[in-house]
Amino acid sequence: MIGLSHFLVVSAALFSFGIMAVFARKNAVNVLMGLELILNSANLNLVAFSRFSAHNLDGQIFAIFVIVVAAAEAAVGLAIVLSMYRILKSVNLDRADTLKG
Amino acid sequence: MDNSLFVQIVFYLFAAMTVGSAAVVVFARNLIRSAFALLFTFFGVAGLYAFLGADFLAATQMVIYVGGILVLLLFGVMLTHKLYDLNLKAETYQFFPALAVALGVFVLLATVLLRARWHAGAQDAAAPTTAAIGGLLMNDYILPFEVASILLLMALIGAAMIVRRRSE
Numbered sequence: 001m002i003g004l005s006h007f008l009v010v011s012a013a014l015f016s017f018g019i020m021a022v023f024a025r026k027n028a029v030n031v032l033m034g035l036e037l038i039l040n041s042a043n044l045n046l047v048a049f050s051r052f053s054a055h056n057l058d059g060q061i062f063a064i065f066v067i068v069v070a071a072a073e074a075a076v077g078l079a080i081v082l083s084m085y086r087i088l089k090s091v092n093l094d095r096a097d098t099l100k101g
Numbered sequence: 001m002d003n004s005l006f007v008q009i010v011f012y013l014f015a016a017m018t019v020g021s022a023a024v025v026v027f028a029r030n031l032i033r034s035a036f037a038l039l040f041t042f043f044g045v046a047g048l049y050a051f052l053g054a055d056f057l058a059a060t061q062m063v064i065y066v067g068g069i070l071v072l073l074l075f076g077v078m079l080t081h082k083l084y085d086l087n088l089k090a091e092t093y094q095f096f097p098a099l100a101v102a103l104g105v106f107v108l109l110a111t112v113l114l115r116a117r118w119h120a121g122a123q124d125a126a127a128p129t130t131a132a133i134g135g136l137l138m139n140d141y142i143l144p145f146e147v148a149s150i151l152l153l154m155a156l157i158g159a160a161m162i163v164r165r166r167s168e
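In order, the protein sequences belong to chains A and B.
Just so you know, our numbering puts 76 at position 76 of the first sequence, and the rest follows in order with no gaps.
Just so you know, our numbering puts 132 at position 132 of the second sequence, and the rest follows in order with no gaps.
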């Protein structure tokens, strides 16, 4: 019996892996990958609720807008990472501490 | 969605593919390897969308995530490392605290999600959603649709501005 909670647990696992990547990885590109995992888990939740509870397509529309924002975020995030690489010659997030007080 | 054995097997296959490759994304020592594992995560999520009857969203996931965002991330990996540097080692720090936090979040979420009594009525039969989504985007959601297009334009211009070489 595949129900709503199956999808929610898969999405919770994706979210936890995303948090793990954001917290533990030193590489900025890898942190962006973790962000994509988190956004995917949120999307999965939206679509699952749209299918099982809401009985309309609003959740799927919302997921489309999340995908749009994720695309914009990936483009701008990678641009920032590239310009950080140009300045610091590294994408290690520990090196980006110029603003540290 | 009938719950025959075949349906369950397909679901668990997609779920295992999604979660397993997400684990590879997080724990792989090699950055290229995590980028390619992310490919399988996106495939798995697209499969789960198809499982939920969201056919248009599954296709969108394939086109935008696999064709766009993943290629962008691969470019990011390639451009921020020297190409002869074949072992792109991905270092971690605060590994065990991060693992503890992630595990805690997962246990908390899973407990809450499994205990909650969701309002889950009878499901509708899966029907093609593309025409309905197009109608909704052009009628009820026309303003967010236009705002999203402006957001994409701003992201395009902003990304180009950030990475351009400044002439001194």
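Just to be clear, a hint being listed does not mean it is correct.
[Claimed, not checked] Computed footprint of chain B on chain A, listed as stretches where at least three residues anywhere in the stretch have a Cβ under 8 angstroms from a Cβ of chain B: (1) 3-12; (2) 17-31; (3) 38-52; (4) 61-72; (5) 78-90.
[Unchecked claim] Sample of chain A residues lacking proximity to chain B, with all beta carbon distances greater than 10 angstroms (derived): (6) ALA96; (7) ASP97; (8) THR98; (9) LEU99; (10) LYS100.
Derived by calculation from the structure, the hints in this document are not laboratory data.
All of these numbers come straight from a predicted model, not from anything done at the bench.
Backbone N, C-alpha and C define an ideal beta-carbon position, used for all residues, glycine too.
Q) Does the structure break any of the earlier hints, and which numbers would those be? A) The structure breaks none of the hints.
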